[in-house]
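Chains as they are written, first to last, in the UniProt record's numbering: chain D, 1 to 373; chain S, 1 to 325.
Mixed in with the good hints there might be a few duds.
Cut-off 20 Å, straight-line C-alpha distance, at most; resulting in silico cross-link-like pairs (DMTMM-like, lysine to aspartate or glutamate) [to be verified]:
| # | chain 1 | residue 1 | chain 2 | residue 2 |
| --- | --- | --- | --- | --- |
| 1 | S | Lys53 | S | Asp34 |
| 2 | S | Lys172 | D | Glu331 |
| 3 | S | Lys172 | D | Asp368 |
| 4 | D | Lys112 | D | Glu259 |
| 5 | D | Lys137 | D | Asp368 |
| 6 | D | Lys256 | D | Asp368 |
Using C-beta positions, here's what the derived DEER-type ranges look like [claimed, not checked]:
| # | chain 1 | residue 1 | chain 2 | residue 2 | range |
| --- | --- | --- | --- | --- | --- |
| 7 | D | Ala47 | S | Pro249 | 29 to 39 Å |
| 8 | D | Arg64 | S | Val86 | 28 to 38 Å |
| 9 | S | Asn286 | D | Tyr188 | 55 to 65 Å |
| 10 | S | Ala140 | D | Ile13 | 16 to 26 Å |
| 11 | D | Ser272 | S | Glu57 | 51 to 61 Å |
| 12 | D | Arg64 | S | Glu57 | 20 to 30 Å |
If you are wondering where the hints come from, they were derived from the structure by calculation, not from laboratory data.
For every residue, glycine included, the Cβ atom is placed at its ideal position computed from N, Cα and C.
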Amino acid sequence: MLLWSDALFFLLIAAVAGGAWWARGQKHLRLAWAQVGASRVGLGAAAVLAVFFAIGLADSLHYRERLPDSGNSQSPQYAVEVLSALDALLMPLKTRTEKTYSAPLATHLYAKETMEDGSRGFPPLKHPGAHLLGTDKVGQDVLYLSLKSIRTGLLIGTLTTLIMLPAAVFLGILAGYAGGWVDDVIQYLYTTLNSIPGVLLIAAAVLMMQVVIDTHPGWFATAAERADARLLALCAILGVTSWTGLCRLLRGETLKLREMEYVQAARAFGASGLAIMLRHILPNVMHIVIIALVMDFSGLVLAEAVLSYVGIGVDPNTVSFGAMINTARMELAREPMVWWSLAAAFCFMFVLVLAANLFADVVRDAFDPRAAK
Amino acid sequence: MLAYITRRLLYALPILIGVNLITFALFFVVNSPDDMARMQLGIKRVTPEAIEKWKAERGYDRPLVWNERATGTGKATETIFFSKSVRMFAFDFGRADDGRDIAREIRMRMGPSLAVALPVFVLGLFATLSFALLLVYFRATTLDFAGVVLCVAMMSISGLFYIIGGQWLVSKVWHLVPISGFGDGLDAAKFVVLPVAIGVIGGIGAGARWYRTIFLEEIGRDYVRTARAKGLSERLVLFRHVLRNAMIPILTGVIVVIPSLFLGSLLIESFFGIPGLGSYTIDAINAQDFAVVRAMVFIGSLLYIVGLLLTDISYTLVDPRVRFQ
């Protein structure tokens, strides 16, 4: 089965692939990407990102298991739980649950319990030494949870920009090219949105969305679909708060390009405004779009954790770094301390965001015409 | 200058009205007060009487924008739009959904918020600028490279990690300061030290890297070469010429946040139990107190607009080429 976010994610991957195919034919783009490929840091970061994306992609192939035929119904029955290809790959990790906390690679539970013979001690694990990163409060494998969180982080980081991109590009170029009252209206629009503190706008919108989802329980067949709707809505809201920056950049660049000779020439030949914007201005601001895309990604991944902590992030049922941190936060205060789920969430996030930041730097250096070549 | 400020303030009015309309649409049109009441009282098994009572207690039982039953100007004023949205312009925020006066809460909580946010801002700016200047002074050396690597690494760490890690290390393991809480007067100092330190450290990575880029851009200019040709020392070049000329891009990013300092920091305040506006907002979000969230949105945008105005005025102070038009 196909969740909406999966569909958009695949669409995004297809778009990137298509874009890459098109860029092969464009000399200046090929040169810039060749520069990214020539940098060791860029290649390393890209490799790490590719691994993360592969995991996210595997986690986006969802299906519902077909239940064994009970005989009395004609149509096949499907399980309520939605699984993904990643779940199938990690089935051993997913099913090897313990009773409660266990330290990484431990053989016994973390807390003392009364044993069967009446003495108090650490009960042995069902799967000793199998949990590379330990287990959490309800005995789930932390490595499995961390890998599942990757998809959420990637979706927030990519879909948000995908959703806001058309509006930002269209309005930015239009404001810069058309000028006059169109420019005024668009500027008013983004100043107004910008002036609302981002967290509060997100909080307000998420609270409202929660009301809508709660009052229409019939819209969603499974819990996964409901969580998915909330994830998408969160992306859309984050998009609304983050398109203003790119829009302003594009407006400024278009104002400059509008006065260029080739645009004047196109106008003199009688090209329409739309054609000029599409054929002459859009290709010349693409580097700003690409830079903004890769630069925004890491910030969004970090923002997800904060928003989930505040309680306006993803659905509580969605596995995400923010949700992991939120539940694991209190465990530091326990005696003895439970540190591994917190450490795992922060480490995975750190690697992902560091790779994204390094990649973004290399891309910016390659595409920014002002950067010394 | 007075005329300029007045005109800018008049520009700000439509923006505030826009913000107000957006919040009104979000809170009352997308979802009716009935939905809110049902959410507060629990979705299942809620009687229509209970909903009516909840709405009446909070003044949500009026028509949205036009009251047919009222007389005279009451047609426009005895509505949700007027009583909840328009009156914010007079700083009349009404009561929170739990019955407490929002304006009073805001007055009480501004102090603690500032006690944390102001030192974070001042010390943070000082630390970031010094670090960036240091990197630029040693530019193109191993030290500079190591510094940039450090910045990128620090940027990639979640803000939550700094808070949770710092709290655990300093308060729980070393027992240097209380884990959370707040006190009056000088007593507050011991509660404020750790949040401030964490706030400063958390912002240093991204800030220092950004300032370094700005400084490096300035350092390639002709006037810097001239200054060096005159025989000025590198330190004088950096402080007297580069720092001054880099002020404009720095001011754009910095001044605008000053008014927002009143709002405090959501995360730091809620983790450290500081009774400021940030934790007030988080509590309101968790309790789904729409009245408080609405009021905070309004105040937040108002402060942002004041910040924009301050930015424009400060340009003229640092750059004589900019004049009020």
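Should the hint that Ser272(D) and Glu57(S) are 51 to 61 Å apart at their CB atoms be regarded as holding? Because 59 Å falls inside the window, the suggested range holds.
Beta-carbon spacing of Asn286(S) to Tyr188(D) - inside the hinted bounds 55 to 65 Å or not: Since Asn286(S) and Tyr188(D) have Cβ atoms about 33 Å apart, the given range 55 to 65 Å is violated.
Quick check: does the Cβ-Cβ distance between Ala47(D) and Pro249(S) fall within 29 to 39 Å? 34 Å, holds
Hint check: Lys256(D) vs Asp368(D), CA-CA at most 20 Å. Holds or violated? 16 Å, holds
Compare the distance between the alpha carbons of Lys53(S) and Asp34(S) with 20 Å, and conclude whether the hinted pair is satisfied. 11 Å, holds
Does Asp368(D) sit within 20 Å of Lys172(S), going by the straight-line distance between their CA atoms? 47 Å, violated
Determine whether the Cβ-Cβ distance between Ala140(S) and Ile13(D) falls within the hinted range of 16 to 26 Å. About 39 Å separates the Cβ atoms of Ala140(S) and Ile13(D), which means 16 to 26 Å is violated.
Cβ separation of Arg64(D) and Val86(S), checked against the hinted range 28 to 38 Å: Distance hint for Arg64(D), Val86(S) is violated at roughly 51 Å.
Take a look at whether the Cβ-Cβ distance between Arg64(D) and Glu57(S) falls inside 20 to 30 Å. Violated, since Arg64(D) and Glu57(S) (Cβ atoms, about 45 Å apart) do not stay within the stated range.
Measure nothing beyond the straight line between the CA atoms of Lys172(S) and Glu331(D); if it is 20 Å or shorter, mark the hint as holding. 13 Å, holds
Given the proposed pairing of Lys137(D) with Asp368(D), does the C-alpha separation stay at or below 20 Å? Violated, at roughly 48 Å.
Would you mind confirming whether the straight-line C-alpha gap from Lys112(D) to Glu259(D) stays at or under 20 Å? Measuring from Cα to Cα gives roughly 75 Å; hence the hint is violated.
Consistency with the previously given hints fails for numbers 3, 4, 5, 8, 9, 10, 12, ordered from lowest to highest.
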